[in-house]
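**Q** Listed here are the chains, written in short residue letters.
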Amino acid sequence: MVRLSIAYLRDRPFTTLLNIILLGLATATLIILVTVSTQLGTRIEKDARGIDLVVGAKGSPLQLILSSIYQVDAPTGNIPAGTVDLLRRNPSVAQVIPLALGDNFRGFRIVGTEPAYLDLYGATLASGKMNMKEGEALIGADVARVTGATLGQQFVGSHGLGSGEGAGQHEHDPMTTVGILKPTGTVVDRLIIVSVPTVWHMHGIEHDHDAEHKDGEAHSHEEGHDHAEEAKPDLNDLATGGERTEMQADVTALLVKYRNAMGAVSVPSLINAQAGMQAAVPAIETTRLLSFLGVGLDAIEMLGWLIAFTGGLAIFVALLNALDAREKDLALLRVMGATKGSIFGTILVEGLLTAALGAILGVLLGHGVIAAAAATSPRLQELGLNAFAFHPAELAIIGAVLGIGILAALIPAIRLFRVDLTQILARAA
Amino acid sequence: MDAPAPTVTAVANLHYAIGGRTIIGDLSFAQKAGEHLLLLGASGVGKTSLINLLTGLATPDKGSVSICGEDMASLPGAGRDDLRRRTTGIIFQTLRLISALSVRDNLRLAQLLATGSVDDSKINGLIDAVGITHRADARPRQLSQGEAQRAAIARALVGKPRLIVADEPTSALDDHNAEIVAKLLLDRAEEEGATLLIATHDQRLKAYLPNSMTLQKAA
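Each protein sequence line maps, in turn, to chains Z and S. Heads up: the first sequence at position 400 corresponds to 400 in this note's numbering, and the numbers run straight through without jumps. Heads up: the second sequence at position 92 corresponds to 92 in this note's numbering, and the numbers run straight through without jumps.
For the record, the hints were derived by calculation from the structure and aren't laboratory data. Some hints here could point you the wrong way.
Among the chain Z residues that face chain S by a calculated CB cut under 10 angstroms, a handful are [stated by the list, open to error]:
1) 329
2) 335
3) 340
4) 421
Just so you know, even glycine gets a beta-carbon here, dropped at the ideal spot from N, CA and C.
Between the sequences and the hints, there should be enough to build the whole structure, so can you do that?
**A** Structure, rendered in structure tokens:
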């Protein structure tokens with residue numbers, strides 16, 4: 001009887017194909033939605049883990065979170081490096097990790113920070129040394145894969161935070177790759193990690209050598225190059241209110257972890273009282289972000305289900321239209337000895353097979369589209385989308401599509417089941 | 001001395017009405033194995049109704065129908081389906097083959113339903129015997145009227161039935177094709193050891209089946 005169902009589907013190939021495509025598109029839409037929203041949610045949660053507060057220049061708190069934690073937006077500006085010590089002295093603060101941004105290498109952000117930043121994301125070495133001396137760089141796994149960076153290789157950063165941005169390169173300050181990091185599945189994979197003084201040096205900012213270079217190396221930034229002028233468009237343009245126009249030892253943001261619950265009360269108010277500074281809570285901002293995204297995702301989900309029901313309706317119409325011809329076949333099948341139940345099953349199997357083929361097409365199409373998009377879109381690459389990760393919700397989607405197929409076939413099957421066989425035979429005589 | 005031939009069809013005092021109108025009134029006849037019978041009658045005398053009763057697709061109001069010794073009235077619906085599948089091959093005027101299947105697959109399905117298994121050599125032999133080997137993989141809509149009726153004969157015979165019931169098997173055919181189909185029916189029934197019962201208004205068939213009975217419109 002399954003072969004008979006297949007024969008009926010093959011007997012009207014264009015209708016069958018159309019129905020399969022409709023259900024395939026619906027399944028693909030829903031699978032893309034589930035995959036992207038799930039992986040996005042996981043990524044958002046993973047990247048913000050262990051960070052209670054982000055301190056940065058005044059502006060949009062969401063922008064501060066996006067630029068500092070997720071590295072996907074322009075920073076709101078810079079804040080004095082002295083804020084680091086200010087916060088570290090606060091008894092309610094357990095950890096402060098500074099971030100200094102402003103440059104990129106082939107579109108990958110160069111982040112000036114401290115080793116604690118790598119610990120935050122559990123980053124470990126794949127090869128090389130875990131050194132962050134001035135002029136040394138640790139390369140994230142995705143950066144190494146895309147750029148083909150090798151240990152000992154030198155490179156120069158470009159102004160701005162994305163490829164194509166900025167006006168020039170820091171040709172006088174090449175950095176050396178000393179370590180390549182293992183994949184972490186976090187934002188670190190897409191970053192080039194250097195020390196904060198390395199960023200300052202690239203931008204011609206004087207800083208306390210003794211404090212930053214514990215190995216006692218002598219450094220001079222006065223010979224042969226001057227970053228002050230070229231750095232202004234990157235860092236100073238991002239500063240708020242034009243108050244920080246001179247080249248100073250600034251940082252872009254601070255990632256803060258509280259020692260105790262009091263921190264959540266006292267630290268944000270302390271920061272927000274400072275001129276030109278703000279404190280943004282990742283949990284609040286990511287919830288806002290997800291609620292914005294949620295509206296769009298809900299709309300896409302509705303569209304997906306609408307296509308699925310259209311596919312179901314198409315199966316229903318196709319089976320209903322075929323009923324006249326099918327009535328005679330039913331009569332003949334009954335005459336040949338087929339039971340009513342097996343004929344009823346034949347119709348249901350037809351609906352189910354169409355839906356199953358649609359679901360298979362949808363799974364392949366959905367993951368294929370994600371793979372193609374992730375391979376071609378830098379934005380999606382930044383999100384770290386994995387096309388080959390299967391979410392349990394996909395089983396529910398497939399189940400629902402199969403259910404739609406059965407439901408669409410149920411009414412024609414029942415109608416056929418109730419047909420008076422003798423009347424059909426009388427008409428055929 | 002040979003044992004008497006078993007009774008294949010036994011119809012006794014059959015009454016059948018649809019919507020209060022009597023279609024068949026007090027009909028009786030019987031067929032021993034190998035006794036082919038031609039039931040002649042004009043349109044509306046109840047030929048198709050009689051075939052529905054003989055095959056258990058309809059239930060008589062009065063009287064009885066027995067096929068190969070089993071009384072239809074004593075069987076539940078599933079039992080009548082089973083008896084029909086085991087004993088009877090049916091040929092209609094226009095209802096010949098499953099539209100989505102090739103001739104060969106129609107025969108396979110019919111054999112599977114009748115016997116529970118498929119014997120391709122038997123199927124190929126029957127297709128060859130009815131002279132449509134070159135059309136074995138064609139769909140029903142690709143066949144001529146004569147080819148389709150020959151395929152329907154093969155389909156009816158593939159389950160090795162003891163009774164072949166044919167409803168107007170030649171009415172839509174020209175003389176040439178009607179002769180081919182009539183001879184084929186008789187030859188194949190003889191060959192397969194089946195008893196033939198043809199209900200038709202086609203008087204041409206009297207030339208091939210001398211044992212006939214005329215059905216009258218019920219009073």
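**Q** Which numbered hints does this structure break?
**A** The structure conflicts with no hint, since it agrees with every one listed earlier.
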